[in-house]
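Number of protein chains: 2
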Amino acid sequence: MVESTLVTDQQLAEEVMEGILPYTGKSIRIGITGVPGVGKSTFIERFGKMLIDQGHKLAVLAVDPSSPASGGSILGDKTRMEVLSSDKRAYIRPSPAGTTLGGVSARTREAMLLCEASGYDVILIETVGVGQSETAVKGMTDFFLLLMLAGAGDELQGIKKGIIEMCDALVINKADGENLEAAKRARREYANALHLFASKENGWYPQVKICSGLSGQGLDDIWQMIQGFMEKMKLNGFFEINRSTQRSNWMHEHIQYLLENRFYSDQKIKRELNLILEKVKSGEVSPIKKAKELVASFLK
Amino acid sequence: MVESTLVTDQQLAEEVMEGILPYTGKSIRIGITGVPGVGKSTFIERFGKMLIDQGHKLAVLAVDPSSPASGGSILGDKTRMEVLSSDKRAYIRPSPAGTTLGGVSARTREAMLLCEASGYDVILIETVGVGQSETAVKGMTDFFLLLMLAGAGDELQGIKKGIIEMCDALVINKADGENLEAAKRARREYANALHLFASKENGWYPQVKICSGLSGQGLDDIWQMIQGFMEKMKLNGFFEINRSTQRSNWMHEHIQYLLENRFYSDQKIKRELNLILEKVKSGEVSPIKKAKELVASFLK
Numbered sequence: 001m002v003e004s005t006l007v008t009d010q011q012l013a014e015e016v017m018e019g020i021l022p023y024t025g026k027s028i029r030i031g032i033t034g035v036p037g038v039g040k041s042t043f044i045e046r047f048g049k050m051l052i053d054q055g056h057k058l059a060v061l062a063v064d065p066s067s068p069a070s071g072g073s074i075l076g077d078k079t080r081m082e083v084l085s086s087d088k089r090a091y092i093r094p095s096p097a098g099t100t101l102g103g104v105s106a107r108t109r110e111a112m113l114l115c116e117a118s119g120y121d122v123i124l125i126e127t128v129g130v131g132q133s134e135t136a137v138k139g140m141t142d143f144f145l146l147l148m149l150a151g152a153g154d155e156l157q158g159i160k161k162g163i164i165e166m167c168d169a170l171v172i173n174k175a176d177g178e179n180l181e182a183a184k185r186a187r188r189e190y191a192n193a194l195h196l197f198a199s200k201e202n203g204w205y206p207q208v209k210i211c212s213g214l215s216g217q218g219l220d221d222i223w224q225m226i227q228g229f230m231e232k233m234k235l236n237g238f239f240e241i242n243r244s245t246q247r248s249n250w251m252h253e254h255i256q257y258l259l260e261n262r263f264y265s266d267q268k269i270k271r272e273l274n275l276i277l278e279k280v281k282s283g284e285v286s287p288i289k290k291a292k293e294l295v296a297s298f299l300k
Numbered sequence: 001m002v003e004s005t006l007v008t009d010q011q012l013a014e015e016v017m018e019g020i021l022p023y024t025g026k027s028i029r030i031g032i033t034g035v036p037g038v039g040k041s042t043f044i045e046r047f048g049k050m051l052i053d054q055g056h057k058l059a060v061l062a063v064d065p066s067s068p069a070s071g072g073s074i075l076g077d078k079t080r081m082e083v084l085s086s087d088k089r090a091y092i093r094p095s096p097a098g099t100t101l102g103g104v105s106a107r108t109r110e111a112m113l114l115c116e117a118s119g120y121d122v123i124l125i126e127t128v129g130v131g132q133s134e135t136a137v138k139g140m141t142d143f144f145l146l147l148m149l150a151g152a153g154d155e156l157q158g159i160k161k162g163i164i165e166m167c168d169a170l171v172i173n174k175a176d177g178e179n180l181e182a183a184k185r186a187r188r189e190y191a192n193a194l195h196l197f198a199s200k201e202n203g204w205y206p207q208v209k210i211c212s213g214l215s216g217q218g219l220d221d222i223w224q225m226i227q228g229f230m231e232k233m234k235l236n237g238f239f240e241i242n243r244s245t246q247r248s249n250w251m252h253e254h255i256q257y258l259l260e261n262r263f264y265s266d267q268k269i270k271r272e273l274n275l276i277l278e279k280v281k282s283g284e285v286s287p288i289k290k291a292k293e294l295v296a297s298f299l300k
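As they're listed, the protein sequences go chains A and B. Read in order, the letters of the first sequence correspond to residues 1 to 300 in the working numbering. Read in order, the letters of the second sequence correspond to residues 1 to 300 in the working numbering.
Note that these hints are calculated values from the structure, not bench results. Don't take every hint at face value.
Stated by the list, open to error - When the alpha-carbon atoms are kept at most 27 Å apart in a straight line, the in silico DSS-like pairs for lysine-lysine are as follows:
1) B/Lys49 - A/Lys200
2) A/Lys200 - A/Lys184
3) A/Lys292 - B/Lys300
4) B/Lys234 - B/Lys268
5) B/Lys26 - B/Lys49
6) A/Lys289 - B/Lys26
7) A/Lys234 - B/Lys209
8) A/Lys26 - B/Lys279
9) B/Lys200 - A/Lys289
10) A/Lys281 - B/Lys234
Stated by the list, open to error - Which bits of chain B does chain A cover? Going by a derived footprint, with three or more residues having C-beta under 8 Å, they are:
11) 16 to 25
12) 117 to 126
13) 258 to 264
14) 273 to 281
15) 288 to 296
C-beta: ideal position from N, C-alpha, C; glycine also.
Assemble the whole structure, with the sequences as input and the hints as a guide.
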């Protein structure tokens, strides 16, 4: 219903979202990113299984602003997570359809709150490493985890600096079999490289871990790290600071969405846009000037 | 003046931008991206020198939405391009300051138009590969070039799929000395990998080239490729289609900017925001609901 585009559904959805508000916010929200091929699904499958076996209720969501050219969405194929998708203690939700990243992440955030209100206490939000999607997921989670491969050449120069600055932990996956030694080497290298970055305002130093989503090796260690992080942040107050900032950002994002929505659904604006669009496209008139005139006429 | 925040400057700047409109659009607009360390400055320095020696007037601009944590801007240090920065036939403009990518790219686009109006016929727009900046540069250029290194492990899985889909050419830099053979191998691998992607709507197949920004090897080949691209696109009409789309996108981006600008500078909204912000942050009230109320009150 939250994802529905029917006005009647939307109104009902709003009331629901209002009603559940007091019952939200009690989960651990974990963001997970990494380039395709890094083994996100296997990691989440195994990590999630460990959590539900420990008695947690787990929700797995996804933010996937598919590139216009490629389309396609992660988690689309639940069979990629056979164990979790067939387990009642886990809820898996593919990335909602949406033309804008803003729309997709808004839907995901609402799904997250609904999961919390229905008792899920660990939420994993997966994103494929494309552009701003990490920022969106970082903006709705408590802990941000970057999955990587050893020797896949993700030298730090190759990773977007912005993503390194975002992540609370850098986890080298597929640390098994012949790959184990390479993974250990990579851990040392990354650990050294990360020291070049200042510690975060919240006093946390990004950790470097190795694990195997396949064998499960190291997953408990990662879970302990995350719990340690939550403890520390709740003690030093940065857990609440982060959540507060996220709430106000959420409001500002929705304001932006609403302003554009009202603008483009305005009948007068629709007519005026039709009249000038061709002239703008041909370069006859300045896009900037026309934007000004349209906004002025909308706000008049 | 275009970058000035003074209202009087802005009004004058608008008139200037209006006035130069008929004299813009006649350059070849080339976007260049690549991770730090790939040798963008050296490439641009040498490539640019070649162009001005052929009688072109060259402008080098940059889009660098520095991550909040890191700050810093590319092209900030002109000495990275000694030859060009000391040559009257070249104009180098560092990335304009700005808090939002939208603001930064708007300024860059205006700088581009000003350069065209003053007779620069080749514009290079550099961006460091962070998040959406490629999309912004792609959105204001005719040809998009991705610089890479051989054996730096930028296997295609490591490159964001979205960026591959964007680029018209993938150029392996530093193809010199001991690196030459590795570069040739990489060219073959990338060429094969690129065939997995469908050809673009405009009928262009992304090319893979090798070059040395240091020795200049292969730069003429790249320039010929770009000229061939321009010819082909002008023949099949996609040059104009692309420019038209860019113009209308530009208008829509500016509409978004103006709507938010008017909203947040509204005195009543400022007061109301102050009253509710703390409640939103504490989670007492729904960010979504408050956003709705604020926008409603703004549009009333």
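Here is how each hint holds up against the structure:
no.	hint	result
1	B/Lys49 - A/Lys200	42 Å, violated
2	A/Lys200 - A/Lys184	25 Å, holds
3	A/Lys292 - B/Lys300	20 Å, holds
4	B/Lys234 - B/Lys268	51 Å, violated
5	B/Lys26 - B/Lys49	20 Å, holds
6	A/Lys289 - B/Lys26	21 Å, holds
7	A/Lys234 - B/Lys209	52 Å, violated
8	A/Lys26 - B/Lys279	18 Å, holds
9	B/Lys200 - A/Lys289	32 Å, violated
10	A/Lys281 - B/Lys234	16 Å, holds
11	16 to 25	holds (count 5)
12	117 to 126	violated (count 0)
13	258 to 264	holds (count 5)
14	273 to 281	holds (count 3)
15	288 to 296	holds (count 7)
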